[in-house]
Amino acid sequence: MADQRFSAGRQSPGSKKEERSEMPVSKNAETVLERRYLIRDESGKVTETVEGLFHRVAGSIAGADKPYTGGASTEALEKEFYEAMTNLEFLPNSPTLMNAGRPLGQLSACFVLPVADSMEDIFEAVKQAALIHKSGGGTGFSFSRLRPCGSAVKSTGGVASGPISFMRVFNMATEAVKQGGTRRGANMGILRVDHPDILEFIDCKKNNADITNFNISVGITEEFMAAVIADGEYDLVDPSTKKVVGSLGAKMVYDKIVEGAWRNGEPGIIFLDRLNRDNVVPGQGPIESTNPCGEQPLLPYESCNLGSINLVKMLKQSKNGCEVDWEKLEKTVRTAVHFLDNVIDVNKYPLDKIDETTKATRKIGLGVMGFADMLLLRGISYNSDEGVAAAREIMSFINRVGHEASEELAQQRGAFPLFEESILKDGAARRNSTVTTIAPTGTLSIIAGCSSGVEPVFAYVFIRNVMDGTELIEVNPVLKQLLEERGLYSDELMRRISKEGTIAHIEEIPEDIRRVFVCAHDVTPEYHVKMQAAFQEYTDNAVSKTVNFGHTATLEDVSQVYMLAYRLGCKGVTIYRDGSRDSQVLNIGKVNDGSKEEEVPALPTRQIGPRPRPEVVNGFTERMKIGCGNLYITVNYDKEGIVEVFTNTGKAGGCPSQSEATARLTSIALRSGISADEIIDQLKGIRCPSTIRQQGMSCTSCPDAIAKIVKKVDDFLKGGGAEQGATIPSSTRHPEAPAKRTETPHAEKAWIGYHLPTHALRTCPECGSALEHEGGCVTCRNCGFSKCG
Numbered sequence: 001m002a003d004q005r006f007s008a009g010r011q012s013p014g015s016k017k018e019e020r021s022e023m024p025v026s027k028n029a030e031t032v033l034e035r036r037y038l039i040r041d042e043s044g045k046v047t048e049t050v051e052g053l054f055h056r057v058a059g060s061i062a063g064a065d066k067p068y069t070g071g072a073s074t075e076a077l078e079k080e081f082y083e084a085m086t087n088l089e090f091l092p093n094s095p096t097l098m099n100a101g102r103p104l105g106q107l108s109a110c111f112v113l114p115v116a117d118s119m120e121d122i123f124e125a126v127k128q129a130a131l132i133h134k135s136g137g138g139t140g141f142s143f144s145r146l147r148p149c150g151s152a153v154k155s156t157g158g159v160a161s162g163p164i165s166f167m168r169v170f171n172m173a174t175e176a177v178k179q180g181g182t183r184r185g186a187n188m189g190i191l192r193v194d195h196p197d198i199l200e201f202i203d204c205k206k207n208n209a210d211i212t213n214f215n216i217s218v219g220i221t222e223e224f225m226a227a228v229i230a231d232g233e234y235d236l237v238d239p240s241t242k243k244v245v246g247s248l249g250a251k252m253v254y255d256k257i258v259e260g261a262w263r264n265g266e267p268g269i270i271f272l273d274r275l276n277r278d279n280v281v282p283g284q285g286p287i288e289s290t291n292p293c294g295e296q297p298l299l300p301y302e303s304c305n306l307g308s309i310n311l312v313k314m315l316k317q318s319k320n321g322c323e324v325d326w327e328k329l330e331k332t333v334r335t336a337v338h339f340l341d342n343v344i345d346v347n348k349y350p351l352d353k354i355d356e357t358t359k360a361t362r363k364i365g366l367g368v369m370g371f372a373d374m375l376l377l378r379g380i381s382y383n384s385d386e387g388v389a390a391a392r393e394i395m396s397f398i399n400r401v402g403h404e405a406s407e408e409l410a411q412q413r414g415a416f417p418l419f420e421e422s423i424l425k426d427g428a429a430r431r432n433s434t435v436t437t438i439a440p441t442g443t444l445s446i447i448a449g450c451s452s453g454v455e456p457v458f459a460y461v462f463i464r465n466v467m468d469g470t471e472l473i474e475v476n477p478v479l480k481q482l483l484e485e486r487g488l489y490s491d492e493l494m495r496r497i498s499k500e501g502t503i504a505h506i507e508e509i510p511e512d513i514r515r516v517f518v519c520a521h522d523v524t525p526e527y528h529v530k531m532q533a534a535f536q537e538y539t540d541n542a543v544s545k546t547v548n549f550g551h552t553a554t555l556e557d558v559s560q561v562y563m564l565a566y567r568l569g570c571k572g573v574t575i576y577r578d579g580s581r582d583s584q585v586l587n588i589g590k591v592n593d594g595s596k597e598e599e600v601p602a603l604p605t606r607q608i609g610p611r612p613r614p615e616v617v618n619g620f621t622e623r624m625k626i627g628c629g630n631l632y633i634t635v636n637y638d639k640e641g642i643v644e645v646f647t648n649t650g651k652a653g654g655c656p657s658q659s660e661a662t663a664r665l666t667s668i669a670l671r672s673g674i675s676a677d678e679i680i681d682q683l684k685g686i687r688c689p690s691t692i693r694q695q696g697m698s699c700t701s702c703p704d705a706i707a708k709i710v711k712k713v714d715d716f717l718k719g720g721g722a723e724q725g726a727t728i729p730s731s732t733r734h735p736e737a738p739a740k741r742t743e744t745p746h747a748e749k750a751w752i753g754y755h756l757p758t759h760a761l762r763t764c765p766e767c768g769s770a771l772e773h774e775g776g777c778v779t780c781r782n783c784g785f786s787k788c789g
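So for the sequence shown, UniProt numbering puts the first residue at 1; every next one is plus one.
This list has only true hints and no planted wrong ones.
Result set (DSBU-like, lysine-lysine): computed pairs, CA atoms no more than 35 Å apart in a straight line:
| id | residue 1 | residue 2 |
| --- | --- | --- |
| 1 | Lys79 | Lys313 |
| 2 | Lys639 | Lys27 |
| 3 | Lys79 | Lys45 |
Because the hints were derived from the structure by calculation, they are not lab data.
Produce the entire structure from the sequences given, and follow the hints as far as they go.
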């Protein structure tokens, strides 16, 4: 997190000489930008600088002004947009950074597609979703229009398979697009609570390995919540006939939703009537769904482009300490609204219908990031009424100024086309039907070097193991500066914070610091919800946020959060209980032998799976030459033996999915107690045609290469090298492995492990680092991986 200066050159439009300047970006941000955002040539070599990226985006978006200014130069506006981004004051969503000024040109993050009740419409939606995922967007669906499982289908004389079966079809289609090598697609699946298949829907993700490309939420109605509170029943309605076909106990269904959320975070809930209360154009139909993270309610075929203001950059020093620079914030909001409105015109939409619908309402979603860091700098605890008040103050200002900026654009360019039939028609004309949204900002906040969205800080200290065995300690810069000022900073203390995951119980740190520097798991569920509600009060769309629970949280704790969110006016809730997705539990109950029912004592509950991955590991990476390029193999170990293996292919290509699968299975087997010798025997000698037909190869295939490196590390450990504090000597490397690396494949510039406290969720599928639950999504703070795309 330490701020570094990163130089990058770019030839500006109309200039013949390259301009050079500097912008602040962390090493981690540089890595993420190079991996995910910068343009590469056909061989995979990066051909764009960081500043070049921001010039490309600024020039493309500023160009949208020309039709409104009679073709006048947009150079000044480009400079304004460029400075806002390179100063890390405002950043648009990832698709805009990736695609603006490029042939693809698809700049929106989120879309909603309708799923109508016919085979033709269902598979048309599948095709449309695939096109959106291919373009880099995520999709939301309501499956509430589909007739329930078992219903008669008159046209065929058969029976309907129900919404959950079709969700699986959408899930597999998303998987196919992912396997095609494009940017990861993500989906939101919603079912109304009054749909006859609601109980099956609630349980459809009971198994963590099922329907993996969807987040799911139950669409809650006011009628249902009233029935829950009254402990009464509510009606189930067949969407195809609109007739009541049964009823359920509302409390039973509610408790089932709570149980699912407690078990593994699925499903979430959204309050449908509240989404439609704020539907700006109700004549166009009801809002049925949101984008994959739940923060952007949209009509069918609408899309929304998002952006976030970095609140850390909106502070100034005064005689009273650190305070908000309201003048700078106002200027930044106006710049951001102008930018996001221009995106609507520049955007190349994946479907003509989306183009038409999006431009009819011109929704934008301006939000924030760095809120938790802003509180730290002001000496305010997130876990306090003062923190909640700060949220209301900052968001009410942004919302008001954002609306004013949209009204000014309407005077210059005209209101959104459906303004006269909107609920806003009696007020001042507005360019955008919605202006504000609080979205998750996992990758953007890595680039900006700040905390994500409106979430509390997840952890203050990370320990990173680099390839030569050196440990790097990364500390939240606000905490580090304060501890240094007070003479309290030491590596030993930082390692302790990393191990405990919080400073709450470290007595060496003064109480006034511990009170302010709370992390996600220090914040009570009540204050998580209060903070979400405070932002929601002044946000046009919705607020994406995760309520983090400790592992010992009860069903009642989750229930209380849901009820509090309902009472405080939230539009939806996502919760995650620490460790709830780490393992599966096998329960064996009773059996029936066919003659007499006999109770069989339940076996003790036992955990099925490998031993947990430790917080900190040592590791070794070696380059192996294979038939289609280079394979980089990393083996990590602790005092009990080898912990994990993961692979990365070089720029020349290879079979990344196959080698990754082999590495993952090897890792699980080793942590489950299978000897390294058994694994080596299974993998060694496997032959690949692309390798064996070339001369000078030291292995016969990717699995054989993995076996060789696992054996090398296993021999090292058996020889007592780890106990003696030794590292694997360079003389044991493959003869062709360079002493100093010169290429930059996936893991090479990075590190062996990026280790969070034990409460962090499993490991990143791309780099092996720990993942964080934040903003209704899952993000890797190492490589920028996001479950939501």
